[in-house]
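J.: Those protein sequence lines, which keep their order, are chains G and F.
Note that numbering that gives the first Met the number 0 numbers the first sequence so that position 150 is 149, with each residue one more than the last.
Note that numbering that gives the first Met the number 0 numbers the second sequence so that position 14 is 13, with each residue one more than the last.
Derived from the structure by calculation, the hints contain no laboratory data.
Take every hint as true, because none was put in to throw you off.
Quick look at which bits of chain G chain F covers, simulated, 3 or more residues with Cβ under 8 Å: (1) 184-192; (2) 204-217; (3) 263-276.
The beta-carbon is built from N, C-alpha and C at its ideal position, and this holds for glycine as well.
Protein chains: 2
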Amino acid sequence: MLRNILVLGAGKSTSYLLDYFLEKSNTEKLHLTIGDINPNAIPKTVKDHPNCTVIHLDILNNEHREKAIKDSDIVVSMLPARFHIMVAEDCVTLKKNLVTASYVSTEIKALHQSVKEAGLVFMNEIGLDPGVDHMSAMQIIDNIREQGGKMLLFESFTGGLVAPESDNNLWNYKFTWNPRNVVLAGQGGAAKFIQEGSYKYIPYHKLFRRTEFFEIEGYGRFEGYANRDSLNYRDAYGLQDVLTLYRGTMRRVGFSKAWNMFVQLGMTDDGYTIENSKGMSYREYTNLFLPYSPTDSVELKLRHYLKIDQDDSKWEMLCELNLFDGKKTIPMENATPAQVLQLILEDSWTLDDDDKDMIVMYHKFGYELNGKKSQIDSNMVVIGENRTHTAMAKTVGLPVAIATVLILNGKITTPGVQIPITKEVYDPILAELKDYGITFKEYEVPYLGYNPDAVGN
Amino acid sequence: MLRNILVLGAGKSTSYLLDYFLEKSNTEKLHLTIGDINPNAIPKTVKDHPNCTVIHLDILNNEHREKAIKDSDIVVSMLPARFHIMVAEDCVTLKKNLVTASYVSTEIKALHQSVKEAGLVFMNEIGLDPGVDHMSAMQIIDNIREQGGKMLLFESFTGGLVAPESDNNLWNYKFTWNPRNVVLAGQGGAAKFIQEGSYKYIPYHKLFRRTEFFEIEGYGRFEGYANRDSLNYRDAYGLQDVLTLYRGTMRRVGFSKAWNMFVQLGMTDDGYTIENSKGMSYREYTNLFLPYSPTDSVELKLRHYLKIDQDDSKWEMLCELNLFDGKKTIPMENATPAQVLQLILEDSWTLDDDDKDMIVMYHKFGYELNGKKSQIDSNMVVIGENRTHTAMAKTVGLPVAIATVLILNGKITTPGVQIPITKEVYDPILAELKDYGITFKEYEVPYLGYNPDAVGN
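Just chain G, same shape as in the assembly (with noise of 0.2 Å):
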């Protein structure tokens, strides 16, 4: 008798997810019905595969989400993550194992109890960031920890990027996900984290320009900026007593100092909308940000305004956007700033049909063992095939497509709301994304931290 998953949202994250589940239905013997508010746009590969069943489903109309979600074995949440509450209550009461790749929320961490009295997994994060990062830092630290070691640093920086083949912009980037996101990245309040134990605080309008650098064997430089709240993790990875603790989000080396420019003009500002932005042109845009004058171009004011010398090619990057262009004009009514700056560079950082993309994540691990301090960094590169099969869709598909099956298979058991951090969990999940090519390179290096000498400050 088949197990039947069901696949709530089939968006365009899924790709590997689906195939999964597909080319192991007959071994492991699986049904997966898809529900779908828009069946019209899943590949007729999928579709018309024997044991796929594809439903159109509202995911607002309870009756038919109940229907699906009694009928299933389990469940995996790919919508948006403001919808996963009301599945989650269902998978509750119809007693159902859920898993998604979204951060646990606060309704959904309130059900852990009951979750656990059921004797049911809800697994969460289990995407790439969150997810991938988790497993494969949490496989490290228990490592160290099980031959007697204590962690002193932690770092870790993930990044959606292009593959270098695909890579022919000055920004060394496109958009890999979703747009909105990169442009409001950072927003919200300041970055934190510790450094040699002291707490360290960015504001947003510095925060493209604290960078930090990386090398990775085979595709060059890095940069890295801190994310919003570093210590998120402080207390579920068991790191109260570290020295050091940052997280971030990668991009190839002059994307962050560049990106700032926009957060200095003022353009990834999503609290008021702008006047008569309809018909507005990109160079009407750019010159909201600027002084007025009557004589002087938009592009002399923000080259003086940002302090933007002749030879610097941040200036370049800007051209390459058409921000000065008088002719292409923003289509929306009442836009804010970041929706216009998102609309602009998705005229020119969009995927092309044949573009690959490519996941970088890089961890660095510092700690002590019998009195010897030392550090292991480990870094993992994922390349895309075209724009569906992205890097992206492979990494956070598969590691939840992988945890489903170890859920029904009965390998992963342990009850409640979770994350996956513990050994039962990353280590077959690990194991098998070897097999589709998403591994991790370690590497021993000299323990530096931030002050080899312990002096003071």
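Starting from the known structure of chain G, arrange chain F on it as the hints suggest.
T.: Frame of chain G; chain F shown alone:
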């Protein structure tokens, strides 16, 4: 028979207000009742005046509040703005006129129809800013229009500063009003204004670098930075078609550029609390916002981070505030950066007993009359007497007091929730303010606007 004026809240801005009522109490037949939660703080000369009664009043006690309002002929609320609505609702029910110096809130505005139907006058925004700014601006604007002129430009700036004779710090600034509002000034959204028909937006982190300069005869140079929304009174003033509309805050030259250091560091942020703030030294606080270094001093890190040259006077301005002091400590637990900055500034910027404050206001009116463009600049300077009888208390309290008596005497009669922008209100009040030395000087200057030759862009 005496008319009973009820003043609710006798805080530090009410010295001139109370004195005015008592000085006029015999000629105008006034009795003053002061309701305050802490009557002990009211000066003896006020309390012991034969025409004054002081009552202990908890504004949240409905019975006591209603009784006090019922016994009065007119109510003046000098309470924190959030309490006005309770008082206003009682005033509607009990049919009493009301005067406040606060901005018209949405709730108060919603009472307009019932206030109007009851034939009552609710006069708001009749302090300094808002207040004197409305009246002095509208008197000139109405006058220009009466002559057939068309407004082209309106700019208005106000500042609460320290008088030249008490100005003994490098910032040329001391707190003359709520220090918290000074620390948070400009936050909560981009500044918005119009220059020569073009909308302009300035994000918070650039606000203090986009200043304008003014000269006031006998007082030297000042600078102004934009208020959050310069377009707030566009409709009320009838300036829908004006080319330039800009409202702002005045400081001594150099203040804003130096204040920008706090903004850049992130010290004005009120959105998160600092871990272990209690007992932290001023030096450690400063270091929270700087990159970690095992060897470099906090001083050098800050100079490098903010690009402060060896000979830049901004450096002395920071040192004067003891920002690098390792002995002075923060007494508050879980303080926000802004709360700590306020504490540090209060150490240095609190008025001494015999210090005098200074209020400055500067308006520019550009207009076209009979085919000719002209401009009037008008400014006001008021110097305080001491720390109690401040220029701030005078310029806030006297317009409130004068308006109250005018309403009592039936000279201001237009019913409804209103602000002082009509002749009926501003003419008699501005005339009487002159007797107290609150006067504007007017200068006819060439109209330059921002675009004297009407060049494009």
